[in-house]
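Engineer: Work out the full structure: start from the sequences and follow the hints.
Number of protein chains: 4
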Amino acid sequence: MKVAFIGLGKMGSGMARNLLRAGHELTVYNRTRDKTEVLAGEGAHVADSPREACRDAEAAITMLADDGAVEEVVFGANGIAGTLHGVHVSSSTISTAMARRLSSAGHDYVSAPVFGRPEAAEAKKLVVVAAGSHEVVERCRPLFDAMGRVTFVAGSEPWQANAVKLCGNFMIASMLEAFSEAYATLRKAGVDPHLFLETMNALFGSPVYANYGRIIADEQFEPAEFRVKLGYKDMRLVLATAQECSSPMPLASLVRDHLLSALAKGQGDMDWSSIARVVAGNAGL
Amino acid sequence: MKVAFIGLGKMGSGMARNLLRAGHELTVYNRTRDKTEVLAGEGAHVADSPREACRDAEAAITMLADDGAVEEVVFGANGIAGTLHGVHVSSSTISTAMARRLSSAGHDYVSAPVFGRPEAAEAKKLVVVAAGSHEVVERCRPLFDAMGRVTFVAGSEPWQANAVKLCGNFMIASMLEAFSEAYATLRKAGVDPHLFLETMNALFGSPVYANYGRIIADEQFEPAEFRVKLGYKDMRLVLATAQECSSPMPLASLVRDHLLSALAKGQGDMDWSSIARVVAGNAGL
Amino acid sequence: MKVAFIGLGKMGSGMARNLLRAGHELTVYNRTRDKTEVLAGEGAHVADSPREACRDAEAAITMLADDGAVEEVVFGANGIAGTLHGVHVSSSTISTAMARRLSSAGHDYVSAPVFGRPEAAEAKKLVVVAAGSHEVVERCRPLFDAMGRVTFVAGSEPWQANAVKLCGNFMIASMLEAFSEAYATLRKAGVDPHLFLETMNALFGSPVYANYGRIIADEQFEPAEFRVKLGYKDMRLVLATAQECSSPMPLASLVRDHLLSALAKGQGDMDWSSIARVVAGNAGL
Amino acid sequence: MKVAFIGLGKMGSGMARNLLRAGHELTVYNRTRDKTEVLAGEGAHVADSPREACRDAEAAITMLADDGAVEEVVFGANGIAGTLHGVHVSSSTISTAMARRLSSAGHDYVSAPVFGRPEAAEAKKLVVVAAGSHEVVERCRPLFDAMGRVTFVAGSEPWQANAVKLCGNFMIASMLEAFSEAYATLRKAGVDPHLFLETMNALFGSPVYANYGRIIADEQFEPAEFRVKLGYKDMRLVLATAQECSSPMPLASLVRDHLLSALAKGQGDMDWSSIARVVAGNAGL
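Protein chains in written order, with my numbering: chain A, 2 to 286; chain B, 2 to 286; chain C, 2 to 286; chain D, 2 to 286.
The hints are simulated quantities; they were obtained by calculation from the structure and are not laboratory data. Possibly wrong hints are sitting among the right ones.
To be verified - Calculated lysine-lysine pairs in the DSBU-like style (CA-CA distance at most 30 Å, straight line):
| hint | chain 1 | residue 1 | chain 2 | residue 2 |
| --- | --- | --- | --- | --- |
| 1 | C | K266 | B | K230 |
| 2 | C | K36 | C | K125 |
| 3 | B | K230 | A | K189 |
| 4 | B | K266 | C | K230 |
| 5 | A | K230 | C | K234 |
| 6 | A | K234 | C | K266 |
| 7 | B | K266 | B | K234 |
| 8 | D | K125 | D | K3 |
As the list claims (entries may be wrong) - From the structure, some residues in chain D lie toward chain B, with a derived Cβ separation under 8 Å:
| hint | residue |
| --- | --- |
| 9 | Q244 |
| 10 | S247 |
| 11 | S248 |
| 12 | P249 |
| 13 | P251 |
| 14 | S254 |
| 15 | D258 |
| 16 | L261 |
| 17 | S262 |
| 18 | L264 |
| 19 | A265 |
Think of the CB as a built atom: it goes at the ideal place given N, C-alpha and C, for glycine as much as any other residue.
Structural biologist: So this is what it looks like as structure tokens:
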């Protein structure tokens, strides 16, 4: 397929590369042009604006930082709205409200956020969650297959995929909070967090637990895998979705507050697992 | 070794059987005698009281419901205190305060609570967390090896193992709360919880998530794997430990409150994952 | 002074009347015209639009339901922006973000939200909290004096008054939550909530406690003094302000969740003190 | 009446003095004898033990620090159980569980905890909450009238009065939490807490708000009116009562956690309103 790919950050670069590898014809755009060079060397065309990138595209994939960035790329001065004839595939982690707005931009639209870190994006191991009308989702399936190891379809309304993505990030954040509280208590009980981590690895057998459990046990919050700022944004967004649905999520509020504390204490660029520091501080550690 | 095993509930029966299989000489005691018969057929001696069971024992293992039951078996009229010459191994999920009391009963003492369900006990797949003086823990290691697939040593004070066990149950309870909140929001968003569960299985890759995530998605809270009553007890105990350590655990308080609500609504004998019903109710479901 | 008054709901009518009584020349506007009639009979001019109302006004006071209504009256088709030469006094309970937007509408601006119920508005017993540049606040002081029993100046930035108003409503909401929890426990302990209320009246000596404590003890949530919908909006707004300030407010989140539950259970038009019903429900009552 | 008064701390001294003033014949006992001297000078007999103090007493009033102190005085070596022929009036702030235990000590028993600070005790301005069998409560009424400005009867089971007392302290603690959160947000918004306090005084009109609101605005947490240690104890006790009643109190858990944090940070001897420091810390202040 002829694909425009907009947003070549750590995640986007890997995703774009896998589209090229799968034989799709790619035109890329990034706000700072230097990030496009490697992909150009691998066969991608480079465009000067989102609008130019999507001119002949059957699909335009956006992988951007937040609602604001997506809004600019879609509805801004050189945005894709009005030019794109194909389908817009939004893989960014955005609000369900923004997804609804993108649904009504005048072109076909699919939300297809992804789970996975940059290494997983590079290795075609992402988990894709798509939602939208059946026909449009199926049309995009070759793209999802090129970028991820598995694709789940959340429903026929695009924003439902974003709800799933946000709730998934909430699941991870809850695990961070749980580790933070358990470690704080155990440290005060004289038990080594690493001993507890080994036990939890034996119990849960999950690489996500192993990875974040180790970061927190080591208190190695820099460099960040996923920054407090972004985690805070996601918890705000999941709470916004929950409120749209009239569904209280007290645990999400608790984690949001600890991320907000981390922000207030200057930890915005640390890994979001550094809420452990806030929790430990509340225990006098 | 000559071993007394006291408490032949679902967990204890499997553990005792694996001790027999490993060649230990077992004397068993259970409050209701009928549960001893199968093990008697497999070679265990049967005693009429804890005291009698432990008379010649090198080790007495207790696997009982709660603090009260352990107190009775150790300090009660026919209890083991004063008679036992070997080491007392407490595998029950009890409070850290009770563990400290058991430490000073006049015989050697090790806390060795276990993670795993009855099937895991039967299949010698338990995770054992032991704590106590190095020499005594090592003396008991053949017993741990006979009952579990792996043993972790939490520290030199027995109650530290109980702190680890309680914090581990808290980790599971936190996951239940997270699933409950995510499912409630997604149900109101028109997304099938099973779709979310599949996504989380792809993300976390944990059998614990797969198991409890399915129970909650199916809303199949009976028969209980682990009852609300017991989960509530454990959350009370982890909070008691946290307070001994001056370490706030707000997520543990949140889960405790949802378990308490479940109790108040008559769900005491349902699976503890039925806090999902409380959470869904708060969303008007 | 020549004053435009926009928004003649329960609160606005009383406030406008007191401005008339104090000798100010009043032009009123309300979306539904019938509410203007009584005031017309008392000497007010009636305008057909906000813009017309404010044409010669030295001050335009708005007392409206929410951010959206204020936005429409200020920036909408027949809005006051561009026409008003005097100062805009916003007495509505709005977000701090909206207050900042109103500050930059091109005319002088003061936030002056009020505390008090409709009877207090009628009886000139409101508490006024004003903020804005010193000169502009002082120019409006005769208006505040005409409408309230006391005026506090929160700061030189208008939105600071809205922060105070929202935090004040949060203080009341916290009291509702506290009563709800105490009553639920005491009812289950067989103690009459009215007995507790009398005790609290002796202890706190506050008419606010007496009023809301009675409503909750009587479980008389209709007709509403202040609806769940509005209370929920205010808790959302105070949390938005708190997040702008990077200041976690876990108690505000807790109350927000109980109001959201009340909404989800169909209590949107009951008094906001009906969070007591949510709390009691969680205790199995 | 012939009255034994046991426990001459800040509260007890004032209460005992008012009993003397009202013409009752008083025998006092205190663990450290020097505190008995002033009252001896005012006409009280001094005993060497609780048992001796209550030998001929029609009523024995205990006003002690906690469950442990009351247990010692009642059931200890020189305790009143077995000797007292009159009624035991427990005015201490104790657990509902301890109150039930005192009910079955073999003599008549009334729980009569009080609200008010030492100055109020001295000035006969306490609020008394009594519970017990009607006949016994009425027999003690002259004593209540001598010590307080008003007496409320909570029920026929003594522990119900303790439930009311604990819930009353929870109401105050909730107010502390609410002030703490509002002040933190407002300080970060550049608003002087004292301005907010004045507004709240105009709104609530409560001396309790005025007093604690000022302490927190001034951040003057020493000397303590009521120490963090004691506040923490009371929140633990109200949560214990709530759990006996299967009634979740999430706000009580929140405050308990902030008091626990304060303890962990070394604020145990500061005023309990110093939870404001924990809350401010979480906002990065």
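Engineer: Each hint: holds or not?
Structural biologist: Do the hints match the structure? See the list:
1. C:K266 with B:K230: holds (27 Å)
2. C:K36 with C:K125: The given pair, whose Cα atoms are some 20 Å apart, holds under the 30 Å limit.
3. B:K230 with A:K189: holds (28 Å)
4. B:K266 with C:K230: holds (27 Å)
5. A:K230 with C:K234: Distance of about 25 Å is within 30 Å: holds.
6. A:K234 with C:K266: Holds, because 28 Å separates the two Cα atoms, which is no more than 30 Å.
7. B:K266 with B:K234: holds (16 Å)
8. D:K125 with D:K3: holds (19 Å)
9. Q244: holds (6 Å)
10. S247: Holds: closest Cβ of chain B sits about 4 Å from S247 (chain D), inside 8 Å.
11. S248: holds (7 Å)
12. P249: holds (4 Å)
13. P251: holds (5 Å)
14. S254: Cβ of S254 (chain D) sits 4 Å from chain B, so the hint holds.
15. D258: holds (4 Å)
16. L261: holds (5 Å)
17. S262: holds (5 Å)
18. L264: holds (5 Å)
19. A265: holds (4 Å)
Going through the hint list in order, the structure satisfies each hint without exception.
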